[in-house]
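Colleague: Chain by chain, the residues:
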Amino acid sequence: MVIRIAAVGDVHLDEDVVGRFRPALEELPECADVLLLAGDLTRHGTEAEARCVAEEFGGLAVPVVTVLGNHDHQCDQVPQVVKVLEDAGITVLEGNGVVLDCAGGRLGIAGVKGFGGGFAGRCASDFGEPEMKAFVRTTTESADRLGAALRSLDCDMLVALTHYAPVPDTLVGEPLEIYPFLGSYQLGQAIDSAPTALALHGHAHAGTERGTTPGGVRVRNVAHPVIKQAYSVFHVGDQLDTDQVSPLGTSGIQRSWS
Amino acid sequence: MTHHRDIDTGPPDEYVEAEIQRLLAEDPAVAEQGITVVRRERALVLQGEVESPHRRAEILRRVSERFPDVPIADDIGVIRTQAPTEIEQLP
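Quick mapping for you: the protein sequence lines, in order, are chains Y and A. Take the first sequence: its letters are residues 588 to 845, numbered as in the numbering used here. Take the second sequence: its letters are residues 4 to 94, numbered as in the numbering used here.
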């Protein structure tokens, strides 16, 4: 069983970018069963910018599934943005999931935007001022919803989609001081609570592509400035050409899942 | 001996860097969080990548307007959007 996943995040569309991705997107059916967008689709989260996203990523020959990013919240027009995207046939996830029938099996995708807080041993705590508690609780609630969504899906292969990073591995290249604003270990913990095969995120423009959760789930930072191409393609499954596969052969804590 | 900066020479460089960093994110005409400000001997270098040449030009215009006396060097690229030539296989 092999499922082919294309992904990119942080495309920050506005009128000046419309059309740049489209030639590469037209090639998607040849190499991927689905396109996942890891948030920050727009610059300011306006309805007008969402229409640019719909024009660029709508009407493709493969299903498109997305989460929103922090930029998509900037102008407080999230309901309008979501409606424009959904009207264009793009599935928007926030604390829920979707299962797609692909040639290689049923692909389950659970998604949240996520939030910051930092990583194990060097993270913010739910303590002190109301503002700090609200910050940390936002992340906790988001991670809880991601974990619940991941565990709820009945599928052959499970993918987690977030905007914020679940591990520090894929932040290497960013200043250490801003790691708490780039992601949280709680997202990684949620990903490890289910038999996740792959976790995709964006947000960290100066980070690196590859990492793993403490539970061994492969994590990929697909922020556009990191991958430097229209999208990356991952062929995930257990029937791959062994001459080409990555040496890492296990994923998730619940190894019995297949 | 402690060197005391003459108040007429403007704010210390670190504050200028901080202000540029915030301007890049908070100015609606820019809204970029991925641009790094690096202090070099002869200029402040703006590094990073954006989605269009128009955005790079706008960043340089805004920063130059706000800090006309600060020498700015541009090292901002436009991110490529070609289709991938390789896939990653994950067993």
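Don't take every hint at face value.
Each pair of labels, with its calculated beta carbon distance range [as the list claims (entries may be wrong)]: (1) Y:G682 - A:D72: 45 to 53 Å; (2) Y:T725 - A:A28: 16 to 24 Å; (3) A:E17 - Y:S739: 42 to 50 Å; (4) Y:P616 - A:P56: 45 to 53 Å; (5) A:G80 - Y:A635: 48 to 56 Å; (6) Y:S712 - A:E17: 54 to 62 Å; (7) Y:G646 - A:R65: 30 to 38 Å; (8) A:I90 - Y:G646: 17 to 25 Å; (9) A:D78 - Y:P616: 33 to 41 Å; (10) A:A28 - Y:D825: 37 to 45 Å; (11) A:E89 - Y:G606: 22 to 30 Å.
Simulated from the structure, these hints should not be mistaken for lab results. Where a beta carbon is used, it is the ideal one built from N, C-alpha and C, also for glycine.
Colleague: Do P616 (chain Y) and P56 (chain A) keep their Cβ atoms within the hinted range of 45 to 53 Å?
Modeller: violated (30 Å)
Colleague: Just to be sure I understand the hint, the distance between the Cβ atoms of G682 (chain Y) and D72 (chain A) should be within 45 to 53 Å; is that true here?
Modeller: holds (49 Å)
Colleague: Determine whether the Cβ-Cβ distance between A28 (chain A) and D825 (chain Y) falls within the hinted range of 37 to 45 Å.
Modeller: Hint holds: Cβ distance 43 Å, inside 37 to 45 Å.
Colleague: Kindly confirm whether 16 to 24 Å is satisfied by the beta carbon distance between T725 (chain Y) and A28 (chain A).
Modeller: Holds - the Cβ-Cβ distance for T725 (chain Y) and A28 (chain A), about 19 Å, lies within 16 to 24 Å.
Colleague: So the hint says 42 to 50 Å: do the beta-carbon atoms of E17 (chain A) and S739 (chain Y) match that?
Modeller: holds (49 Å)
Colleague: Is 48 to 56 Å a correct range for the gap between the Cβ atoms of G80 (chain A) and A635 (chain Y)?
Modeller: This hint is violated: roughly 26 Å between Cβ atoms.
Colleague: When you take the CB atoms of S712 (chain Y) and E17 (chain A), is the distance between them in 54 to 62 Å?
Modeller: This hint is violated: roughly 29 Å between Cβ atoms.
Colleague: Could you see if the CB distance from D78 (chain A) to P616 (chain Y) stays within 33 to 41 Å?
Modeller: holds (37 Å)
Colleague: Could you check the hint for me, namely that G646 (chain Y) and R65 (chain A) are 30 to 38 Å apart, CB to CB?
Modeller: About 35 Å separates the Cβ atoms of G646 (chain Y) and R65 (chain A), which means 30 to 38 Å holds.
Colleague: Taking 17 to 25 Å as the stated bounds, is the beta-carbon spacing between I90 (chain A) and G646 (chain Y) within them?
Modeller: Given about 24 Å between the Cβ atoms, the range holds.
Colleague: Is the gap between the beta carbons of E89 (chain A) and G606 (chain Y) within 22 to 30 Å?
Modeller: Given a distance of about 25 Å, which is inside 22 to 30 Å, the answer is holds.
Checked against the numbered hints listed earlier, the structure breaks hints 4, 5 and 6; every other hint is satisfied.
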